[in-house]
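Build the full structure now, drawing on both the sequences and the hints.
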Amino acid sequence: MAEIFSTLGTWNWLIFGFILMALELLAPGIFLFWLGLAALLVGLLSFVINPSWQTQLLLFAIFTVAAVPAWRHFARSAGSRSQSNPFLNKRTEALIGREFTLEKPIVDGTGTVRIDDTIWRVAGPDAPAGSRVKVVQADGASLTVAAA
Amino acid sequence: MTGFDIFAIAFVLLVIVTLFAGVKTVPQGYDWTIERFGKYTRTLAPGLNLIIPYFDRVGRKMNMMEQVINIPEQEVITKDNATVTVDGVAFFQVFDAAKASYEVANLEQAIIVLTMTNIRSVMGSMDLDQVLSHRDEINERLLRVVDAAVSPWGLKVNRIEIKDIVPPADLVEAMGRQMKAERVKRADILQAEGQRQSEILRAEGAKQGQILQAEGRKEAAFRDAEARERSAEAEAKATQMVSEAIAKGDVAALNYFIADKYIKAFGQLADSPNQKIIMLPIEAMSILGSLAGIGEIAKATFGESAASAAAAARRTSSVPNTGPTPPPVAPQR
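Protein sequences, first through last, are from chains A and B. The first sequence begins at 0 in numbering that gives the first Met the number 0 and counts up one residue at a time. The second sequence begins at 0 in numbering that gives the first Met the number 0 and counts up one residue at a time.
Mixed in with the good hints there might be a few duds.
[Unchecked claim] Some chain B residues well away from chain A (every beta-carbon gap over 12 Å; in silico):
| hint | residue |
| --- | --- |
| 1 | T82 |
| 2 | L113 |
| 3 | M125 |
| 4 | D128 |
| 5 | L131 |
| 6 | S132 |
| 7 | K155 |
| 8 | R176 |
| 9 | M178 |
| 10 | Q196 |
| 11 | A235 |
| 12 | S242 |
| 13 | A246 |
| 14 | Y261 |
| 15 | G266 |
| 16 | A269 |
[Said to hold, decoys possible] Cβ-to-Cβ under 7 Å is the rule here; a few derived chain B residues that face chain A:
| hint | residue |
| --- | --- |
| 17 | F3 |
| 18 | M63 |
| 19 | F94 |
| 20 | R158 |
[Stated by the list, open to error] Pair ranges (Cβ atoms, derived):
| hint | chain 1 | residue 1 | chain 2 | residue 2 | range |
| --- | --- | --- | --- | --- | --- |
| 21 | A | F17 | B | E65 | 38 to 48 Å |
| 22 | A | S130 | B | N105 | 32 to 42 Å |
| 23 | A | D116 | B | E203 | 50 to 60 Å |
Calculated directly from the structure, the hints in this document are not laboratory data. By construction, the Cβ of each residue, glycine as well, lies at the ideal position given by its N, Cα and C atoms.
Put into structure tokens, the structure is as follows:
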């Protein structure tokens, strides 16, 4: 066991890093990529200084942990603008701002509207059937409306 | 191997395992609930998420896409006591992963049972004919009831469709026979109506034909009468002219005409192929006397010698000389 680690060196770290990154592509889960990144960093660092294998391992662990906040920061700035359909699986949120005709009157705060050939129950101020309402808030499956 | 060696190896392993436990990639279409010491704290949205290992744990991986579940076959007794077999499908979507995870145990089973019982109550209040012809109404009533019932579970039922309604075989057979009888009845009525129509048309045609024929006959009779009138007029005129001519001239000329006609008529009688025996009225013999008139005409024309020859001829005949008698004037047609 100890022999494996004692033979760790610059090239082994680099090869290890590439293998981890390739594995990441085959089994996506993002953390293998970080491990690979950390391995590459350790490999590059061992070009400059030549730390003991124990130190190399510890550096590898520290780099891996450090990669998480770094990656998060990068993903936040890059990922926030990337989604082209922000309402995917959020059907109710897509309805906010749209106007509909009340199918059943809102009595005691709840009524129904017909949207896309299905019936939605809505909450809002009492209004007679047939009046126009506007969706102002969506919380899960419940819609809140106000008179349009 | 020193303690530091082991520590370094163990630390790396720990970091890797911790990382593995702390990084969660949620695929699009799913929401994962996070439980801290078994209690729900938050929901992970699709994408890369970090949780605190050792404290947090992924609870339920909730499918946020619209899903379809089969409502299994069941027997429903309609209001008029027909037992029909009904199955259907329900479409639902989870909007609140936390509620769907923790407010209800066995979500799909709950929806299925709820829908099945409501199918029974909705269809049980309808007659078989209504059940078969008002699927839309059934679907809508089911949707209203079931959707309201599932809303505390953070989901929405978008659609419930009755797939198959199968009445018992003998009922289907009876319905088939009823339909066939209906069709046969309509066909029979149509045929009878057609026959009636055609008979009426035919009778009308015959009536019209007869009327036209009668009209034709009437017209013809009118024309005939007119013709007769005309011919009588012409006859009268002719007679008048003849009598005028006679008054002016010789009676013998009249006799000549009569004799001429008589002989022609006689000749026709003789020519008749099947009558060699000719019955002549007595008076006809006296008509022959007019031949004397012919003799006299001949005498006047050809002189005495011919007249004597004619007289000789008259003597040899057995016809008594009764002298010329004026024949009745018959209208010529």
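Going down the list of hints, with the structure as the test:
| no. | hint | verdict |
| --- | --- | --- |
| 1 | T82 | holds, 30 Å |
| 2 | L113 | holds, 16 Å |
| 3 | M125 | holds, 20 Å |
| 4 | D128 | holds, 26 Å |
| 5 | L131 | holds, 23 Å |
| 6 | S132 | holds, 20 Å |
| 7 | K155 | violated, 4 Å |
| 8 | R176 | holds, 38 Å |
| 9 | M178 | holds, 32 Å |
| 10 | Q196 | holds, 49 Å |
| 11 | A235 | holds, 102 Å |
| 12 | S242 | holds, 112 Å |
| 13 | A246 | holds, 117 Å |
| 14 | Y261 | holds, 113 Å |
| 15 | G266 | holds, 110 Å |
| 16 | A269 | holds, 110 Å |
| 17 | F3 | holds, 6 Å |
| 18 | M63 | holds, 4 Å |
| 19 | F94 | holds, 4 Å |
| 20 | R158 | holds, 6 Å |
| 21 | A/F17 <-> B/E65: 38 to 48 Å | holds, 42 Å |
| 22 | A/S130 <-> B/N105: 32 to 42 Å | holds, 40 Å |
| 23 | A/D116 <-> B/E203: 50 to 60 Å | holds, 58 Å |
Comparing the model with each numbered hint stated earlier shows that hint 7 is the single one that does not hold.
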